[in-house]
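Visitor: One line per chain: the protein sequences are A and B, in this order.
Quick note, my numbering runs 139 ahead of the 1-based positions in the first sequence.
Quick note, my numbering runs 139 ahead of the 1-based positions in the second sequence.
Hints were generated in silico from the structure; no laboratory data involved.
Honestly, I wouldn't trust all of these hints.
Identical copies carry no separate label here, and so any pair may be met within one copy or between two of them.
[To be verified] Computed list of lysine to aspartate or glutamate pairs in EDC-like fashion (alpha-carbon distance at most 20 Å, straight line):
hint	residue 1	residue 2
1	K256	E268
2	K284	D205
3	K256	E232
4	K284	D258
5	K284	E268
Number of protein chains: 2
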Amino acid sequence: MDWITQVAERLRATGGRMTTQRRLILETLAQCTDHPTAEEIYQRARQRAPDLNLSTVYRTLRWLEDLGVVGTQRFEGERPQERFDPAVSAQPEHHHFRCRLCNTIIEFPAPLLEVLKQDFITHYGGTIESASLIFYGLCESCLQKVETYGPLSFNPNAITGPHERPSHSTGRAS
Amino acid sequence: MDWITQVAERLRATGGRMTTQRRLILETLAQCTDHPTAEEIYQRARQRAPDLNLSTVYRTLRWLEDLGVVGTQRFEGERPQERFDPAVSAQPEHHHFRCRLCNTIIEFPAPLLEVLKQDFITHYGGTIESASLIFYGLCESCLQKVETYGPLSFNPNAITGPHERPSHSTGRAS
DNA sequence: CCCATTATTGCAAATTATTTGCAATTAGTG
DNA sequence: CACTAATTGCAAATAATTTGCAATAATGGG
Ligand SMILES: [Mn+2]
Ligand SMILES: [Mn+2]
Ligand SMILES: [Zn+2]
Ligand SMILES: [Zn+2]
């Protein structure tokens with residue numbers, strides 16, 4: 140039984156219905172190797188069903204989030220938008236490195252984190268149910284480029300557009 | 140020389156001006172022991188200067204962010220709003236635990252994280268410039284309560300209001 | 001296979017967080 | 001004290017996400 144059928148069954152079990160849209164979104168997610176935004180998932184899915192609606196994408200994603208089928212991530216320095224992580228079912232506890240220049244994301248396991256969790260609990264008590272660890276820096280390839288060509292002051296892959304926060308302005312004229 | 144004067148000097152050094160509003164916001168931040176949102180900082184500061192404007196708060200916070208005087212944090216399960224961290228200058232590398240029930244945040248140092256960073260770099264190369272680690276779970280006191288009274292299905296301290304995401308709804312009637 | 005029930009969709013409008021343009025104000029400088 | 005550029009307040013723009021509702025479609029039973 141494949142992933143989609145599995146999810147579908149969990150859905151049915153709670154009185155939910157498997158619809159064309161949901162199947163499409165699941166198929167789209169299954170093909171992701173990245174951490175797309177709702178909008179990106181919407182655009183990818185829409186290529187096969189142009190009348191799919193963004194609300195449906197959001198609703199489906201929230202539902203999958205509740206089911207633990209997708210995770211959500213927010214990365215610093217980005218527009219305040221949520222990114223979805225279809226990989227959580229495959230690798231339940233993985234963490235993220237994000238390159239400040241090319242925005243590449245590397246997923247990695249961190250078994251050592253358990254020690255940190257234990258450490259915390261010994262000091263402060265309580266329980267830890269989940270953890271989010273994000274490293275920010277330069278990926279190997281960007282590091283090479285910087286070493287070769289000197290520091291880049293700009294982000295070559297930066298998403299541009301209004302409502303960005305490129306380098307701070309208090310309003311003074313340039 | 141106190142913290143505010145220090146920040147003020149850094150500001151001057153780049154052609155900035157120290158204004159009443161900025162001083163007020165800095166004083167407000169200096170008194171924070173938590174991780175307030177822009178709105179919260181605005182409300183606290185406004186008690187002393189009712190005509191302070193929220194835009195000014197945002198602009199000042201972004202400026203402080205660039206200076207590395209405040210940090211920003213986003214916690215899972217919250218409204219998608221940014222929280223500001225006035226403690227970064229005092230404790231440059233500290234991390235966060237957030238209680239799922241009472242929303243308490245505990246700050247803690249994690250020197251062991253260096254090992255994890257090294258581990259990562261040995262595997263994938265590149266460099267790590269910063270790291271964000273957040274633990275989610277139950278704080279000691281909530282854990283006690285749960286053990287005594289049984290699991291609470293609701294969050295006693297939850298921020299409520301529209302645009303929340305309380306427990307997922309696909310739109311079906313209840 | 002068709003019907004009834006009700007979950008789900010598409011659409012448009014609402015919400016909320018954050019940013020921005022601009023004219024009026026003000027800090028810093030001499 | 002006057003000048004100039006930085007900053008503010010205000011209102012409006014932007015953008016991500018959610019929601020109400022009528023129309024549509026999935027499921028289960030007859
Ligand atoms: Mn991932
Ligand atoms: Mn903190
Ligand atoms: Zn890179
Ligand atoms: Zn607690």
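Visitor: Hint by hint, say whether it matches the structure.
Guide: Against the structure, the hints:
Only within a single protomer do K256 and E268 lie at most 20 Å apart by alpha-carbon distance; the minimum there is 10 Å, versus 22 Å between protomers. Neither within a single protomer nor between protomers do K284 and D205 lie at most 20 Å apart by alpha-carbon distance, with minima of 41 Å and 25 Å respectively. Taking identical chains as interchangeable, the C-alpha atoms of K256 and E232 lie at most 20 Å apart whether they share a chain (13 Å) or sit on different chains (17 Å). In the homo-oligomer, the alpha carbons of K284 and D258 never lie at most 20 Å apart, since the shortest distance is 38 Å inside one protomer and 22 Å across protomers.
Taking the closest pair of Cα atoms, K284 and E268 come within 20 Å of each other only across two copies (17 Å); inside a single copy the shortest separation is 39 Å, beyond that limit.
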